[in-house]
Amino acid sequence: MIFTSIDFIVFFVFVLAAIAIIKHRKFQHLILIGGSYYFFYFSSNYLIVLLIFSTILDFYLAKIIYNTENVFRKKLLLIISLGGNLGLLGFFKYSDFAILQFNLLGNYFDLATAIPYYELVLPLGISFYTFQTISYTIDVYRGSLKPSKTFSEFALFVAFFPQLIAGPILRAKEFLPQLREKIQDYESKKNLRQIIFHNSNVKLGITLMAFGFIKKMFFADNIAPLVDDIFFNPIGAESFTVILGAFAFAVQVYGDFSGYTDIAIGAALILGFKIPPNFNKPYFAKSPAAFWNRWHISLSSWVRDYLYLPLIFKKRKSTLSIFLGLMLAFFLIGLWHGADWNFIIFGIIQGFYVGIYTVIRKEVPFLRNHFFFKTKLGTIISIAITQYLTFFSFLAFRIHDMDHLFYSMQKYLLIDFQTVETIAVIQSHKISIILMISFMVIHFISFKKGNLIEKFSNLNYFYWVLFLVTGILLILLLYDGNPTDFIYFKF
Amino acid sequence: MNSAKKTTFFACSALVVSVSIFLFIMSVVPDYVYLEHKEFYSQDLPGEKIFIFGTSHVYALNPMIITDELIEKGYNYTVYNLGQGSFDAEERLRTIDFVISQEPKVVVYGIAYQTFYSHGRNIAENPPESFPSPTKLVDLLSTVQIPLNTGLLDNPKFATINTVNHFYQKQTGEFQEEPERPYPNTPFFVYTPYSEIPAEQKDLENDGKFVNYKGHEIYPIDKNRTYEALKELIRSLHEHDIEVIIFTTPHLKNWLEQVPAQQEKIFNSMLDDLENEFNFEVFRLHDKYDSIDIWTDHEHLIDHNEKTDFFSEDIAKIILTRIR
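So the sequences go chain by chain: A and B.
The opening residue of the first sequence carries number 1 in this note's numbering; numbering runs sequentially from there.
The opening residue of the second sequence carries number 1 in this note's numbering; numbering runs sequentially from there.
In isolation and in its complexed conformation, chain B is listed as follows:
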């Protein structure tokens, strides 16, 4: 064989072998997060259900308080707080079929600026396509369904990190098979004692100001893949007659005042876009609560503490406006 052809053959073989190994790893690596959700959604959850989605920003929502408020008003629903730390809309989309299979009446989703952060991704601006544009293979390939661990191929890094973390926690004894939950019906929260204690004012301050704004860039609507995932999630739920309520999660007001104007503009444009497309109201709670003794940090209300029961009560009221 001609040497150049031989080299090409070996290079192609390397590509095939590595991709095969990669697909094999993705198919056998336990997708712990996915499995955790699958296990929960496989249960027989009786009665009418309401699911709450979000990240750690919704930890302070006590589903029992919300359930009681609804029952008091004559609505016999069981509320589940399915919030999970750093679990964004793209991750939720991976488990959407499970969610739909449970036929919840309402899905309540808490979002924030952090939901749409770029996390260091660098996306160049492309010119408007005045001439016909060639088809992008990435768009074509995204329509191909590979029967592997659902969604892991969308973000292999997530799978790798989860597997490594899981292994590390098992080795160090940190892993808990049945971790303590802060409330009933919070299958994905892990109880942590410190999160029920308000932070001291000095911990929320830096150089005389409250916590300095730190964050990442938020890409606008047409470039923000997490935002696109959120909309796809809402569409899927609507297709199955599941009501969707979107609210913005509470933040320390002083922190909000430091959000760059451009970010605020993009975030507000997302909220307006959601309202226009889906013809519903987005409930803006992000600057609603200003007392100082209810925060564990600038973006998390204290949980497992009656001082923040009002948050659950407010969400209950919002749900009532929709289900009446």
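Same shape as in the complex, but just chain A:
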């Protein structure tokens, strides 16, 4: 069920209505769990068993880990949990990719054998909920979290529908306390607070959702044809066309993904749950490291906490270890996005950026505090260079064909200064260009003026309704009748 469909709107209203009517907290949380599973089943059909498997596996394993004193046994159970979740993810997401590489290698060595593909459909949300349950088990293993007492509580944490399909990846440490808010006594059976709709949450939540819908349906979906036109076959394209395409894709993917996140966070807020933000003005980041503190924050922080830091902890004073650790972390981030070489290249490029930046900061400390980077000009240059390089890496994110990708990268970096084709592209995609520029301007205003969403949610009702009416009208008037999925649903 995609957020931008009438099915979701009706479903969400129904869930809210049911919770508003049924005040008993036990039944409220059952409605949420039931609704979340229905939400997942709607799009995934029989693949819901994978979600249930992951939930059961980690609920019981975490309990046993918590109650076990033996360190070796704890480790073994953790390994089983990791194996189960990563095995699921690996099989459904990467098996055909692995088979393809094996077959290519076989062809290279003239071996006659070719393994047939499984042709599996990627289960929706698997990259997100497996990481979520893994983080839960690891936190319990580390002793930083007590396991859920009841299966229903844990099931709701895993399957909570606003963030189930495409994140943000929730941490149990942030979410479970919200579920346990009114638990005074750990032995108490009343393990979920009653869901009460607070006005500030409802208004902010609806505003967030409105922003999300506008970002996705008005901006991202109407910029997509421009991006598609440029990158379907960029061979022969001028440099400025490729650069235009990269910028347009950056706006599209940000509008699409942050739009989804806004809808998820808004929906959760209406239900009274605070989900941490996933974006913080990433296109104003002054460095590659800062970019990843602002882009897909839940994923980058997950990789940092559960992969990178444990990996380099013992050798954190070694520059080489730091660099290699970052390269590995970002290689895996790239691979997480998709079973294809272009995503791996994306990860490697980003790892290189962050690695080099981190090493320079460590080895050349005077640059870190150099006055130039504190000036306005220095800030602008830092942002411009960071984003130009980031959008360069987005080419790998967008283009799957290797010939197309390397051609585009070459044209992006070695500018040919031709403009004929670029002007023709701009003229034939006026709407996309106008929307792209408008989005950038609004984004800049939001960066300068602070949190626009909060400002809008604090408007008096007259202006707030005017904002909603305008937003909905804009979406409807440029809607082509076909709800398209979010880009990150493919991951």
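Mixed in with the good hints, there may be bad ones.
[Stated by the list, open to error] No farther apart than 20 Å at their CA atoms in a straight line, the calculated lysine to any residue pairs in the SDA-like style are these:
#1 Lys93(A) / Leu120(A)
#2 Lys317(B) / Ile65(B)
#3 Lys430(A) / Thr163(B)
#4 Lys157(B) / Ile6(A)
#5 Lys63(A) / Lys75(A)
#6 Lys430(A) / Ile65(B)
These aren't lab readings, by the way, just hints derived from the structure by calculation.
Position chain B relative to chain A; hints supplied.
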């Protein structure tokens, strides 16, 4: 009133108000394309008729040549070339009732890869539904007929862009009430002088190769809504005993050779599927014409030029195979 309830009330009001305004706009916005077609089909078109559908790919078809060829063989039909730029099967479906009301004998439809492009739409792959699947509201709602400008609600973006374009053309003086047509019986074509001049070889070349393939993804049969619309169009016409001829429109051969294998496979599967379902032959003309001096670009033959009269003659022959 509880504050949260008040907020909810205002949010619902906003939704109702915006949807109402939207429906009002859709009901009053002149659907210029629809009106243009309505005006044409409302005329009294005497005699037996043959309609040609397609996009700008069929601009080179001269209906007078086809009419003359048919008359020569003893078939007294009047041929109308109703092709229109970027007017795909979904758009044709909106005016299908008008078409049927004219009771043409035959509808000849030229299709191409471009007919089925995705144009940036992103559709995720869903797993096979091994368990019972919940009903999708979108499917239910599509059966509800709202008495507004027909079809505009299917694609409000189309209506908005058309209205804005129309307004802009009127303001800049570009709009012509009665534009010049390249041939008689081509009510939706606008004559443009450049389209009758062949492109120079250098304009069709890029880095030593002919025009590089540029396009969009084509979704396969089960996910391609334009293809579904085409089939629905054919079914509607067949239900009213209107013969349908499908042909693929000519393209520069070198361009065709660059079409990705996967796209070629999907397109061919569409043609095969059409032949199987409707039990007719799809005439494949897309790689038939290879001379260099008959193209204005890789997908358009020059029109209003006797060098491409053979195209009209070939279509006439195809029509004859069906009406005999």
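Hint check:
For the proposed pair Lys93(A) and Leu120(A), the alpha carbon gap of about 8 Å is at most 20 Å, so the pair holds. At most 20 Å may separate the alpha-carbon atoms for a hinted pair to count; Lys317(B) and Ile65(B) meet this at roughly 11 Å. This hinted pair checks out: Lys430(A) and Thr163(B) have alpha carbons roughly 15 Å apart, not beyond 20 Å. Of the supplied pair hints, the one linking Lys157(B) and Ile6(A) holds, its CA atoms being roughly 18 Å apart against a limit of 20 Å.
Distance check on the hinted pair: Lys63(A) and Lys75(A) sit about 13 Å apart at the alpha-carbon level, within 20 Å; holds. The suggested pairing of Lys430(A) with Ile65(B) is violated, with an alpha-carbon distance near 39 Å, which exceeds 20 Å.
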